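> Chains as they are written, first to last, in my numbering: chain A, 1 to 198; chain B, 1 to 198.
Source of the hints: derived by calculation from the structure; they are not laboratory data. Hints may be right or wrong, so weigh each one.
Which copy is meant is left open, because identical chains are indistinguishable; a pair holds if it fits in one copy or across any two.
[Claimed, not checked] Okay, derived cross-link-like pairs now, DSBU-like style, lysine-lysine, Cα gap no bigger than 35 Å in a straight line:
1. K115 to K77
2. K58 to K167
3. K63 to K77
4. K167 to K115
5. K58 to K77
6. K167 to K63
Fair warning: this is a prediction, and the values are worked out from it, not measured in the lab.
There are 2 protein chains.
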Amino acid sequence: MTEPLSPSAFNALFLQARTHNGWLDRPVDDALLHRTWDLARMGPTSANCSPMRVVFVKSPEAKARLLPALMEGNRAKTMAAPVTAIFGNDSRFYDMLPRLFPHTDARAWFSGPEKAEIAATTAFRNGTLQAAYFMLAARALGLDCGPMSGYDNVRVDREFFPGGQVKSNFLCNIGYGDQSALFPRSPRLEFQEACVIA
Amino acid sequence: MTEPLSPSAFNALFLQARTHNGWLDRPVDDALLHRTWDLARMGPTSANCSPMRVVFVKSPEAKARLLPALMEGNRAKTMAAPVTAIFGNDSRFYDMLPRLFPHTDARAWFSGPEKAEIAATTAFRNGTLQAAYFMLAARALGLDCGPMSGYDNVRVDREFFPGGQVKSNFLCNIGYGDQSALFPRSPRLEFQEACVIA
């Protein structure tokens with residue numbers, strides 16, 4: 001039986017964590033990106049299909065390639081962030097299933113033209129779950145996140161996922177957020193506005 | 001600056017947490033579902049759009065309505081689970097934006113026939129992020145999860161989201177898992193198989 005986590009963990013993951021727009025001048029070690037991956041990859045996906053692929057944009061050269069694909073309002077903060085993750089989904093994720101889901105050969109559930117729609121939906125749903133796991137794993141490790149979904153997808157995909165097999169999902173700045181640059185928090189829906197117990 | 005969480009938190013959220021197929025005979029209080037919601041709703045969504053809607057299937061009557069929509073292999077475990085969440089996405093999420101995103105009237109970004117595709121993608125992406133936040137919030141509160149995406153969507157939507165505005169995304173059993181009913185853990189991708197630092 002697992003005990004609930006501490007109040008400070010609830011704060012770090014959800015209650016005090018914020019989407020950051022300003023970044024402290026403090027680098028993010030590659031080892032910390034590896035640790036974040038090693039946590040996030042354990043989260044559940046359908047048939048363990050694990051479709052998420054990530055490019056961590058860190059060098060000035062890679063940042064310069066990303067810049068023209070960003071909306072004007074996202075440029076300065078993204079250039080200032082120590083790392084910008086491009087979360088993508090591998091449309092051929094099912095090629096890995098013999099290793100990831102060894103109980104049976106599940107490739108036939110997703111491959112072939114008549115399965116294209118279910119494969120695309122599965123990649124999008126499960127890659128997005130993994131991106132959420134990644135952001136919460138980053139917060140668990142003391143990092144802050146700044147996700148963004150407004151950008152030129154075609155340009156980012158051409159630049160960072162050439163070949164067309166992986167499609168970008170959204171972007172996420174990663175680093176140590178500047179608390180002084182935060183906006184006031186927006187309201188959330190109450191339980192009874194979004195949920196029903198039947 | 002946030003400190004990293006404790007090793008036991010990493011275990012509860014990611015490393016030792018498992019997708020459960022067997023459930024202990026221990027109920028889940030409604031208050032705990034409310035607490036889970038109050039954590040999960042704080043996770044980031046695009047323009048704070050918060051499209052997820054949830055039906056918690058808990059009563060024997062509601063379980064009986066869900067049963068015929070389940071795949072054979074998911075029936076017994078779902079009937080045994082204290083609660084089954086139906087995670088859905090509200091296709092008209094943007095009607096709430098004047099309250100959720102008070103800085104500007106963002107409804108025009110998503111409403112109208114020429115915005116139908118971006119609205120559908122936004123609902124799916126952000127509702128799926130919220131479902132991941134919900135599962136990790138549940139784990140943070142000591143609960144276990146058993147997500148499932150194979151079921152008759154049309155039937156579930158007709159039964160639990162009448163009117164067509166909300167579309168179900170996936171199902172998730174919630175309770176206290178029976179460790180003795182677990183399968184061995186499946187492998188995950190290594191960092192270098194899924195990630196690049198550029």
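> I'd like to know which numbered hints this structure contradicts. Please list them from smallest to largest.
Violated hints: none at all, because every hint is consistent with the structure.
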